[in-house]
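Undergrad: Below, each chain spelled out in residue letters.
Protein chains: 4
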Amino acid sequence: MMLTTANFLFTQVGFIGLGNMGNPMAKNLLKHGYPVIATDVFPESCKELQELGAQILDNPAEVADKADRIITMLPSSPNVIDVYTGPNGILKKVKKGSLLIDSSTIDPAVSKEMASAAEKMGAVFMDAPVSGGVGAASSGKLTFMVGGAEAEFTAAQELLNCMGANVVYCGQVGTGQAAKICNNMLLAIGMIGTSETMNLGIRLGLDPKLLAKILNMSSGRCWSSDTYNPVPGVMEGVPSGNHYQGGFGTQLMAKDLGLAQNTATNTKTPVPLGSLAHQIYRMMCARGYASKDFSSVFQFLREEEGQ
Amino acid sequence: MMLTTANFLFTQVGFIGLGNMGNPMAKNLLKHGYPVIATDVFPESCKELQELGAQILDNPAEVADKADRIITMLPSSPNVIDVYTGPNGILKKVKKGSLLIDSSTIDPAVSKEMASAAEKMGAVFMDAPVSGGVGAASSGKLTFMVGGAEAEFTAAQELLNCMGANVVYCGQVGTGQAAKICNNMLLAIGMIGTSETMNLGIRLGLDPKLLAKILNMSSGRCWSSDTYNPVPGVMEGVPSGNHYQGGFGTQLMAKDLGLAQNTATNTKTPVPLGSLAHQIYRMMCARGYASKDFSSVFQFLREEEGQ
Amino acid sequence: MMLTTANFLFTQVGFIGLGNMGNPMAKNLLKHGYPVIATDVFPESCKELQELGAQILDNPAEVADKADRIITMLPSSPNVIDVYTGPNGILKKVKKGSLLIDSSTIDPAVSKEMASAAEKMGAVFMDAPVSGGVGAASSGKLTFMVGGAEAEFTAAQELLNCMGANVVYCGQVGTGQAAKICNNMLLAIGMIGTSETMNLGIRLGLDPKLLAKILNMSSGRCWSSDTYNPVPGVMEGVPSGNHYQGGFGTQLMAKDLGLAQNTATNTKTPVPLGSLAHQIYRMMCARGYASKDFSSVFQFLREEEGQ
Amino acid sequence: MMLTTANFLFTQVGFIGLGNMGNPMAKNLLKHGYPVIATDVFPESCKELQELGAQILDNPAEVADKADRIITMLPSSPNVIDVYTGPNGILKKVKKGSLLIDSSTIDPAVSKEMASAAEKMGAVFMDAPVSGGVGAASSGKLTFMVGGAEAEFTAAQELLNCMGANVVYCGQVGTGQAAKICNNMLLAIGMIGTSETMNLGIRLGLDPKLLAKILNMSSGRCWSSDTYNPVPGVMEGVPSGNHYQGGFGTQLMAKDLGLAQNTATNTKTPVPLGSLAHQIYRMMCARGYASKDFSSVFQFLREEEGQ
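Chains as they are written, first to last, in the numbering used here: chain A, 1 to 307; chain B, 1 to 307; chain C, 1 to 307; chain D, 1 to 307.
Derived by calculation from the structure, the hints in this document are not laboratory data.
A virtual CB, placed ideally from N, CA and C, is assigned to each residue, including glycine.
Errors might be hidden in some of the hints.
[To be verified] Derived lysine-lysine pairs resembling DSBU-like cross-links, with alpha carbons at most 30 angstroms apart:
{"no.": "1", "chain 1": "B", "residue 1": "K268", "chain 2": "C", "residue 2": "K112"}
{"no.": "2", "chain 1": "B", "residue 1": "K92", "chain 2": "C", "residue 2": "K120"}
{"no.": "3", "chain 1": "B", "residue 1": "K31", "chain 2": "B", "residue 2": "K95"}
{"no.": "4", "chain 1": "B", "residue 1": "K47", "chain 2": "B", "residue 2": "K92"}
{"no.": "5", "chain 1": "A", "residue 1": "K141", "chain 2": "A", "residue 2": "K213"}
{"no.": "6", "chain 1": "D", "residue 1": "K268", "chain 2": "A", "residue 2": "K268"}
{"no.": "7", "chain 1": "C", "residue 1": "K141", "chain 2": "D", "residue 2": "K213"}
[As the list claims (entries may be wrong)] Not the full set, but computed from the structure, chain D residues with beta-carbon under 8 angstroms of chain C:
{"no.": "8", "residue": "S131"}
{"no.": "9", "residue": "V134"}
{"no.": "10", "residue": "A136"}
{"no.": "11", "residue": "M145"}
{"no.": "12", "residue": "L186"}
{"no.": "13", "residue": "G190"}
{"no.": "14", "residue": "G193"}
{"no.": "15", "residue": "T194"}
{"no.": "16", "residue": "L200"}
{"no.": "17", "residue": "L204"}
{"no.": "18", "residue": "L206"}
{"no.": "19", "residue": "L210"}
{"no.": "20", "residue": "L215"}
{"no.": "21", "residue": "S219"}
{"no.": "22", "residue": "G220"}
{"no.": "23", "residue": "A264"}
Sequences and hints are given; from them, build the entire structure.
TA: Here it is in structure tokens:
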């Protein structure tokens, strides 16, 4: 076990938010020898990490008091605002020169606000949302999309490399979020489009495997058709082959599409298909699909009239 | 010049419809040594082929009287109905055992009607729409998606191989059309989705080339993002780099989406994104984009308010 | 009972299609003293009318052989084509100068075809689809929208007045259908829009009755908000107050929207909201709403996430 | 001139935001005898009111220092936040017991925040957005939709009656905004739906005036069809009869639909048609329709292909 030795070599890293994603991410920091100081609003979320050697504190302010590099991984914008600027927030006790990396997926406008608030305290804030789910978080194969001052990117990269396979610099603060949101909007459109298309083809008499093969050698090809096909039986090792369990939940996709919609409204950008994709995932959430993989839209559209 | 010799070896092939696509296709049959008997409603369309050695007749019935293998390449369903079942149509003089291959992109229901009408005359009808544009037609690199009796596929393949690089058997009559329509519907969705996404990302501060790179290594990847990117400057050799000239016209895409819509309505299949994509290309046609490449939807969505 | 006497005064009227709508319509003709000669593909549909004095024949051709004024009321375009131009169709034995009135809701292009076929036989065809459901059919309160030669309108009106409260002349053949389809498309848009709006308002804390009142005195007012409100409890005597039973079925609305979509595609008319309304009713049909009143879209949209 | 006398009878009313709407509203307060103390970020906006006897101060805080009843009429949420909680905002000097009425159209969530902030200072905040445009503001015929503590409604009503013909109590804080946003969302849907329908009907051969008449006596009827028809020539005295000048600008409608979209996203309410309506008005803004009346969507959809 190298951790003890490592503690001498590495300085402490703060980690706030030990949920499904944060927990395995923090573990990977430990594995790479970083002493971790963590906190979460749910004390029980901290137990496993504590047993692995992490120090658990009461709130974000205390973490900021001890660590000058902090990673946050939280569910949504209000949580981020609270963890950074709330009464027990990071910025209450942040040290000058601290590096604050937020891996939550939130509105880029909130990232900018946090960066501005951090700057006033002499700290640096970067947004670094991830793509890849719990599996990629566990195996340290996440992709990080990073926004913030380019000069700080190397420092951020050192930490993020412990948790991810790709760390991509996207530009100024907020562009990490922008890249994440853009990708997921196009992903949602591609997935619904693939599902509509496969369903239509099947009803017109085409064999689904054959149709997938034709699309994948033609201009209809997309990640949803060639890597994550939503039709049961077309492909192995994907949620459609396992009753749409696992994968990326419909509810999470609906959340990301809500962010895309907000940024589009704020920038007056027309996104007709992205907007309709949002509405479709919204309706699915209300019909029992919330925790199924987002490729279950095929099933949602598939049901036949009169049955 | 091998044609004279070839005439001894090959039996005549009829070709009806010498437009932008039909003309180079028929030429490829000639190049491969097939004597061609052709006709078109516009006599001037026949001149070039006549000079190359094709025999030109007055109407489809006369072609059917002389050739027992006929290829048709026509703009839309009504033309196909007329060329097959009209007063001077193929079926008026078709020989028993003739092979009739229709490469037009039309409603699969019409393909089925034509097949049924041909069967009554003892002839075989197959639908074999193409993907690939005028360039692929000229270079003999089209992809054919073929629907019809499997027993006749080899005979059809022999001819289609002269004009295409891929000949894919799709199933019963109409499934060639189904495959073509499905692919183009997903293509349209992917192209509009990519355009919305790139536009949103740019307005959020991302560099377009970087965004394309991120999408293409992530789950947003699709043919429109990695092979035919709609944003000027991101990629070379595509219509977006050439003022959206060439390529696949918006008007043709609108037509194919109309077919997709009809088949979806007839089979009671929900296609919300396909349906909205249809409406968007429809609106573009009315705003001067009809003959621009269909990737110009980026430009259509791009215009900024207040400018 | 006036019928016997009436038989001396009025000439016979043919009636083809004795379904939910046709049956009460034919009864109203009888009530007004017209001798009715009827037929239907389902013999059991004819019993009630026969008991009331109508003469029942085997098929449309036989009806046309006896009556020179015929009304047809059929489910969809293929039925109309068969009843007019099929092997036992009206046009096989129609008399010169006959007046053929089709009250089915079908594609206006099919109405035009029928008119043209009738004209060749020396007969006159008019399209006269209805608004108002089974209740209005029973009470003779239907609205007829009539397309066809203006010179024949008076003759048509004489019969239609027996079954309807309003008979509106719309223009050339097919415009009756056009008016019906247009009205129902706007109705569907208004109903879904009202449902979205009421649902949003309720979630924002507004009392539904108050919100309806505000909309109805403002620019949001529409038939769906002020006459047929889809929210249970807001209004009495409408399907929303009776578990969405009765009224106008979702499946019928989906059918009419499919017609609207087809005519829009054929005339290259952009109908983005009409098109999305079609998709929404399509999805509802697949989720068990097919036979509920079309105002049940409120319920469809209403379900809350996480419940 | 009663003003001097009136000054003895009425206590001062603050007015912040003297734009197109605020200016005539403040004038109506003066006409009713209220001494007005006003401010605006653009000094030139204050001149006219000053000449009519209003006292002009430098900023909202100063107004709050002198008047204990204040009306605000501002373009959007950020302006409201600044005017209430900014460095020179109302809440900096607001007196205990003051009544603050905001007639801006903004996100109801912001109204709630302002109400909460006001409450901390011992003041009462109500949201009271208006329907009716500049004309109604000038003639004192606005409709106010009021949210806030019911106990304060009478006090608010006294002032609002000077500027409006209808003052409707909607419920708790934010419900005024909710009612306004809901109405305008349904209005937008009805207007686009009417435009699609009229356009489709015209292309199917119907006379526009006749079609409007049929819709208005049928279930397609709505405010946009019977009071504000978007087709030139159908109705007099509406913007469609005057090149879509005057009326309610497309840009303002797009803004309100953006608010509707935000509240729908925040409450996880599916609004598929409302969302698409938003996108359509967004696209119109980018195509030169920003300052035309929102009924110009008929013109936007009307353009024909190939012209």
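Undergrad: Now, for every hint given, state plainly whether the structure supports it.
TA: Right, here's what the structure says about each hint:
1. K268(B) x K112(C): Between K268(B) and K112(C) the Cα gap is close to 25 angstroms, so the pair holds against 30 angstroms.
2. K92(B) x K120(C): holds, 23 angstroms
3. K31(B) x K95(B): Within the cut-off at roughly 26 angstroms; holds.
4. K47(B) x K92(B): holds, 26 angstroms
5. K141(A) x K213(A): holds, 28 angstroms
6. K268(D) x K268(A): OK: K268(D) and K268(A) at ~21 angstroms, within 30 angstroms.
7. K141(C) x K213(D): Holds. K141(C) to K213(D) sits at ~18 angstroms (cutoff 30 angstroms).
8. S131: With Cβ-Cβ at 6 angstroms, under 8 angstroms, it holds.
9. V134: Interface hint status for V134(D): violated (15 angstroms vs cutoff 8 angstroms).
10. A136: violated, 12 angstroms
11. M145: Holds. Min distance 7 angstroms.
12. L186: At about 4 angstroms, which falls below the 8 angstroms cut-off, the nearest Cβ of chain C leaves the hint on L186(D) intact, so it holds.
13. G190: For G190(D), the interface hint holds, since the closest Cβ of chain C sits about 6 angstroms away, which is under 8 angstroms.
14. G193: holds, 4 angstroms
15. T194: holds, 6 angstroms
16. L200: holds, 5 angstroms
17. L204: For L204(D), the interface hint holds, since the closest Cβ of chain C sits about 4 angstroms away, which is under 8 angstroms.
18. L206: With a closest approach of 5 angstroms, the L206(D) hint holds.
19. L210: Constraint on L210(D) satisfied, holds at 7 angstroms.
20. L215: holds, 6 angstroms
21. S219: holds, 5 angstroms
22. G220: OK, holds: G220(D) within 8 angstroms of chain C, min 4 angstroms.
23. A264: holds, 6 angstroms
Hint violations for this structure: numbers 9, 10, all remaining hints satisfied.
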